[in-house]
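**Student:** Residues per chain are reported as follows:
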Amino acid sequence: MTAYILRRILYLIPTFFGATFLAFLIIQLAPGDYLTQLELDPKVTPETIARLRAQFGLDRPIYEQYLLWMNNLLHLNLGYSFAYQAPVLEVIWPRVVNSMVIVIPSTLLLYLVAIPIGVYGAVRQYSLGDRILSFLAYVGLSVPSFFLALIAIYLLLQIKFRTGTLIFPVSGMTSSGFEQLPPLRQYLDIAWHAVVPVLVATANDIAGLSRLMRGQMLEVLGQDYIRTARAKGLAERVVLYKHAFRNAVIPFVATLGGLLPGLISGAGFVEVVMAWPGITPFFLDAIANQDLYVIAGFLTVSLVLLMIGNLISDLLLAWVDPRIRYE
Amino acid sequence: MRKAFWLAAALALAGVASAQTFVWPQKWTVAKPSEVKRGGTLRASVISDYRTFNPFITAEAGNVPSIISPYGLVRRDPSTGDWIPYMAESFSVSANKLEITFKIRRGMKWSDGRPITADDWITTWRIHTDKAVGSNSYDSFFIDGKPITLQKIDDYTLRFSYPKPDATAFAVAGFVPWPAHIFGPVYQREGAEGIKKMWTLNEDPNKIVSAGPWLIESYRPGERLVLKRNPAFGEWNKDEAGNPLPYLDRYEIKIVKDTNAQLAEFLAGNIDLLAPSTVDHISQVRQAIQQGRLDATIRVNASPVASSQFMVFNWNKASDPFKQSLFRSEKFRRAMSHVVNRQAVVDIVYGGLGTPMYTSVYPVLTQWINPRVPKYEYNLQEAAKLLAELGFTKKDREGYLVDNRGRRLEFNLATNAGNAQREQMAKLIVDEAKKVGVKVNFSAIDFNTLVGQLLSSGADRPFDAIIIGLSGGDLDWPFGSNVVPCKGNLHMWNKSGQCLDPRETQLDALYSRGRTELDFQKRREIGFQMQQIEAQLLPVIYIAGPNYHPAWNNRLGGEHPEALISAIWGQRQLELTFIKK
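Just so you know, the protein sequences line up as chains A and B, in that order.
By the working numbering, the letter at position 161 of the first sequence is numbered 161, and the numbering carries on one by one without gaps.
If you want the working numbering, it's the position in the second sequence, counting the first as 1, plus 1000.
Bound conformation, chain A alone (with noise of 0.2 Å):
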């Protein structure tokens, strides 16, 4: 095993210089680059702007920015943000944070609501409630993220037109005057801005994740050792637990790798909708300035993110599931 964790992590090293490498050439082919905005200003001459794209290092060619920037990195240092003047690191890691207050909770909700739903789906093929579940998730598969956080923001000020009172926030994290309160309040205080974001970034995964969960389910199902728990006259809890789900909920393990990067990059458009202060509108604004090392070593942290996330989850499919055996 220990043999084997030190190949994949061998493997690691060319993927590694690959992916970057890739991610840096395509930011990089992008037509202009972060002073291009600055051309267009009436008040800015031709040679402050050729000045600056030499202090930032962008007239030389692309592949010494690369090496350059790869020798920083293995310093443990992500570059510097043109437009922040200050390193990567310290101008994502607030934001990072921020988005976490809706990732975590969105998605342990996710697994807590469609893992029921998608087994109580299969269960119960074809009854009312696995009809009317299967319609809500077809619904939320089709409503785009950005357009569900619109519309909660359209029924929240409708209700305060109708009652005076705003029962959630339209956006942001805190409210006015957030610096003035105890340290409980503020808490209570996130957590009362942060329902309305995490309800809706929720939604969309909970369709997908319960459809999945059905499918995976009504294979296992189908399967003749559950016919023989049956006909062992197993009770249909422990045949449906113990030996259905159990065996449904092993492909789910192959995704957990995905969550560990998916923990950093933000709970999506959804952000942007509702002012929520996380990484999708700054990184989104990183992208249209073209602030290159924002970009690029936000790109790094996921990518070693998801490596170790795919070496975590093999080692967990090992673990639950005894037909995989690694050499």
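Derived by calculation from the structure, the hints in this document are not laboratory data.
Watch out, some of these pointers could steer you wrong.
[As the list claims (entries may be wrong)] FRET-style restraints, in silico, Cβ to Cβ:
| id | chain 1 | residue 1 | chain 2 | residue 2 | range |
| --- | --- | --- | --- | --- | --- |
| 1 | B | Lys1027 | A | Thr165 | 36 to 46 Å |
| 2 | B | Ser1471 | A | Arg162 | 36 to 46 Å |
| 3 | A | Arg323 | B | Asp1280 | 54 to 64 Å |
| 4 | B | Lys1427 | A | Ile104 | 39 to 49 Å |
| 5 | A | Val195 | B | Asp1280 | 24 to 34 Å |
| 6 | B | Phe1520 | A | Met70 | 53 to 63 Å |
| 7 | B | Ser1283 | A | Thr165 | 19 to 29 Å |
| 8 | A | Gly164 | B | Ser1283 | 50 to 60 Å |
| 9 | B | Asp1204 | A | Pro31 | 39 to 49 Å |
| 10 | A | Tyr63 | B | Thr1259 | 39 to 49 Å |
| 11 | B | Asp1280 | A | Arg162 | 16 to 26 Å |
[To be verified] Stretches of chain B that chain A covers, calculated by requiring three or more beta carbons in the stretch to come under 8 Å of a beta carbon on chain A:
| id | stretch |
| --- | --- |
| 12 | 1080-1091 |
| 13 | 1199-1209 |
| 14 | 1245-1258 |
| 15 | 1376-1386 |
All C-beta atoms in this analysis are idealised placements derived from N, C-alpha and C, irrespective of residue type, glycine included.
With chain A held as given, fit chain B onto it using these hints.
**Tutor:** Relative to chain A, chain B alone:
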């Protein structure tokens, strides 16, 4: 002992009293000092997050340093547009117009209690003009490459020396000072690199020193900037009744990245200020007000905004002599101006809330607009007639004009993808041009590619026509230093590096003359003359620009009188704003 204490206190009081005050005129606000209440929080929002607190490396509009301390030695009086002494108590201009000497107001203090003196300006200027710092203000301290220099005469006297007379002299002299006792030692010890590391967003807010109305209380990345009143500012900034300013205790700026979310916050009463830009948002605000769901005020079409949208033809197409001669032809450009239906653009693109444009001067700069310039309005017959004069009289099978050698009248038009308003303008032009038999191939391309094409130089440039806009003008001399001169980087129609049309040469000369003319009336005459030439030459075909529609929650008082509300002066002076309830 006690006596000595009282004496000291009395002396200190006398010191405060002798601080020369700047009195904020009554005519800048609708509120009388007697109805004003002190305290409270103003809540605003901003679309993009802040990037630094450092005044020397900040680059974006509406940055934090410019909020906490907006003004310098002189500032503009919004009721007249004139420069008035602000941190200076007076100024005098030398006979040869090359030197301005400022007497700095005594008794002003930084928020940390240190006096504000000439050294602060000198240090600020030194750091701005250090190339290695990369300050955005660097270029403003030079005229045609020659530096403007500052000289400290004594602690409270400063002299600015200009390489030549300059209409924008006060705009340069009005730069905002930053504390020499904070930046000076670091600059001496570590140079530009030291300066760049200072006052990042992670800096302890208590260490940010300001001369202006606000201090930073707290900042939460991507979320909110909270500013608090700077008491040192109130010692020398008073209203006409002698009350210290600002009236507000706090000024909160929420970072809301989406305009729909900003609107929602305004409708919910969570933010006090809004400047909606689309018809839909404006009507939602109006509806909420009319139905009594929101106690707010909106001023629709308060003024045009200081930005332009235009179509520019490429004069440098050596590889395609047919198109090049076409684009260089005044008749062709005039015909294209007749094709642009500006009223339709205002109605369709801006929902009726825009202003047509004919010259490079933004319509909001009313003083500068020459009302007598020729306007080549929407007129398809006239366009067809001009094109016929160019030899395009026959139409081919598809209905497009061709000349006697069978060459079709056709060009490519591009704008940046994602800018819905410009894309709509382009489509309107395509439709109208088709009616007179001109084939326009429209494509929306990536912004940076577009800018690359537009700013490329030489005899052969890779585009036909582009729709784009500019913003950011100057009230003293509203013509672009990069745009008008033939060698200018934004001389977008002709970047061969030399003037091709004699009128370009004339504009170039008039630009320089205007910039060195200090008498406003004479300068305005030159400006009028330039617009006259622009309107005939049509180097770019101006289309239209959106309007400014400020809105505020009625818990705020102290907005500008009606006549002062515009895209240039805004809806209010925050220093004179107060919370009514």
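**Student:** May I ask which of the numbered hints given earlier this structure violates, with the numbers listed in increasing order?
**Tutor:** 8, 12 and 15
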